[in-house]
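Chains as they are written, first to last, in my numbering: chain A, 18 to 205; chain B, 18 to 205.
What the hints contain is simulated information worked out from the structure, not anything from laboratory work. Values in this document were obtained by computation on a predicted structure and should not be read as measured data. Mixed in with the good hints there might be a few duds.
Said to hold, decoys possible - Here are the simulated DSS-like pairs of lysine-lysine, each with C-alpha atoms no more than 25 Å apart in a straight line: (1) LYS145(B) x LYS145(A); (2) LYS83(A) x LYS145(A); (3) LYS130(B) x LYS128(A); (4) LYS47(A) x LYS171(A); (5) LYS83(B) x LYS171(A); (6) LYS129(A) x LYS171(B); (7) LYS47(B) x LYS171(B); (8) LYS24(A) x LYS185(A); (9) LYS185(B) x LYS171(B); (10) LYS185(B) x LYS145(B); (11) LYS130(A) x LYS145(B); (12) LYS145(A) x LYS83(B); (13) LYS145(B) x LYS129(A).
2 protein chains.
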Amino acid sequence: MNVVFRKHLEEIITLTDTEFEQILLHFTVKRLKKHQFVIQAGSLIDHEYFVISGLLRSSYTNEDGKVHIIQFAMENWWISDYHALITQTNAIFDIDCLEDVELLSLSSGSKKKLCEEFPIMEHFFRVKTTAGYVGLQQRILSLLNNDAQSRYQKLFAQYPVLFQRVPKALIASYLGVSRETLSRLSNI
Amino acid sequence: MNVVFRKHLEEIITLTDTEFEQILLHFTVKRLKKHQFVIQAGSLIDHEYFVISGLLRSSYTNEDGKVHIIQFAMENWWISDYHALITQTNAIFDIDCLEDVELLSLSSGSKKKLCEEFPIMEHFFRVKTTAGYVGLQQRILSLLNNDAQSRYQKLFAQYPVLFQRVPKALIASYLGVSRETLSRLSNI
């Protein structure tokens, strides 16, 4: 577990063994079974999560009961309802487990302390968040462009393993297309 | 000019006069006239910009020549082609001025030095980027929800001044709706 997380951090920063051990103290391990919820819409939340193993989904249910998938998260991804986290309001997303998961959980308070104690971790989070920002901007572009085929191809190229681990109906929901359109796209 | 920027930074961090002066040394002032380009798609870029005054637009032109507006930026906003900036590839966005602008320009090298010299600036950028990430996530949600009316209302509530300064056709493009749909929405 620690090896996975250290490797993830060291893609951006360099750490001594002691530093890594001290950083790890700010996290707690959380294990959940398939179908369990990490975050439920409507609840107050105070944590974000790094995925050691397993697969999760973040989703939003609108007033008509239609469910939109905001994000999948598997090994080496971070997930939370960041809007709720930074505005300290109730979660609007559900985050549930599509497989059994092992997570490293970080509270807002611990993140603050961690960044104060290790400016290098502030750097890590800034770089990681910037990458996340760019990823979302690309997704907006693809949605504005209304180009389902390019969305499908990009997702497949970036995360082929998602297509083996996630039911097709959920992939279709993430891409914002119907199940039929997805079938057509996957046959091109 | 300096007052505007200092106030912006001090929404998140606290600075002494000396610190602020040293931080400011990493930026250069850039003035451009309406219609001029700050960034042109296809070019290599190395800067991001803080808007002191004026209004800009970031847009993407797809293969069919259709233009999508990615972002507007006015006073107190940051703008660049962040994908190009972090991956050091050619810009895919055009950024042009809808009004005369005064910008503070920050190169990648200066940002790196600034964050090393002032960890508090690393903190500032992390917090700012997280807020940007959350904003984009909300926009994705609204696009997936295909709810033009809520997109219109949110934009109007957040930035009423945009509707006075930006031509209606550009607002429609930003919202991903036709000019006719926008007229209908603005009459609701």
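These are the hints, each one checked on the structure:
In summary, the hint linking LYS145(B) to LYS145(A) is supported, as the alpha carbons are separated by about 13 Å, within the 25 Å threshold. Between LYS83(A) and LYS145(A) the CA atoms are separated by roughly 31 Å; this puts the pair beyond 25 Å, and the hint is violated. For a cut-off of 25 Å, the pair hint linking LYS130(B) to LYS128(A) stands: about 24 Å separates their Cα positions. Taking the CA atoms of LYS47(A) and LYS171(A), the gap is near 31 Å; set against the 25 Å cutoff, the hint is violated.
With a C-alpha separation of about 20 Å, the suggested pair LYS83(B) and LYS171(A) falls inside the 25 Å cut-off, and the hint holds. With a C-alpha separation of about 30 Å, the suggested pairing of LYS129(A) with LYS171(B) is violated against the 25 Å cut-off. For the suggested pair LYS47(B) and LYS171(B), the alpha carbons sit about 31 Å apart, so the restraint of at most 25 Å is broken. About 31 Å separates the Cα atoms of LYS24(A) and LYS185(A), which puts this hinted pair outside 25 Å; it is violated.
Distance hint between LYS185(B) and LYS171(B) is fulfilled; the C-alpha atoms sit about 16 Å from each other, no more than 25 Å. Between LYS185(B) and LYS145(B) the alpha-carbon distance is near 29 Å, which puts this suggested pair outside the 25 Å criterion. Straight-line distance between C-alpha atoms of LYS130(A) and LYS145(B) comes to about 18 Å, which keeps the hinted pair within the 25 Å bound. Taking the CA atoms of LYS145(A) and LYS83(B), the gap is about 31 Å. The hint is violated against a cut of 25 Å.
For the suggested pair LYS145(B) and LYS129(A), the alpha carbons sit about 15 Å apart, so the restraint of at most 25 Å is met.
Of the numbered hints listed earlier, those contradicted by the structure are 2, 4, 6, 7, 8, 10 and 12.
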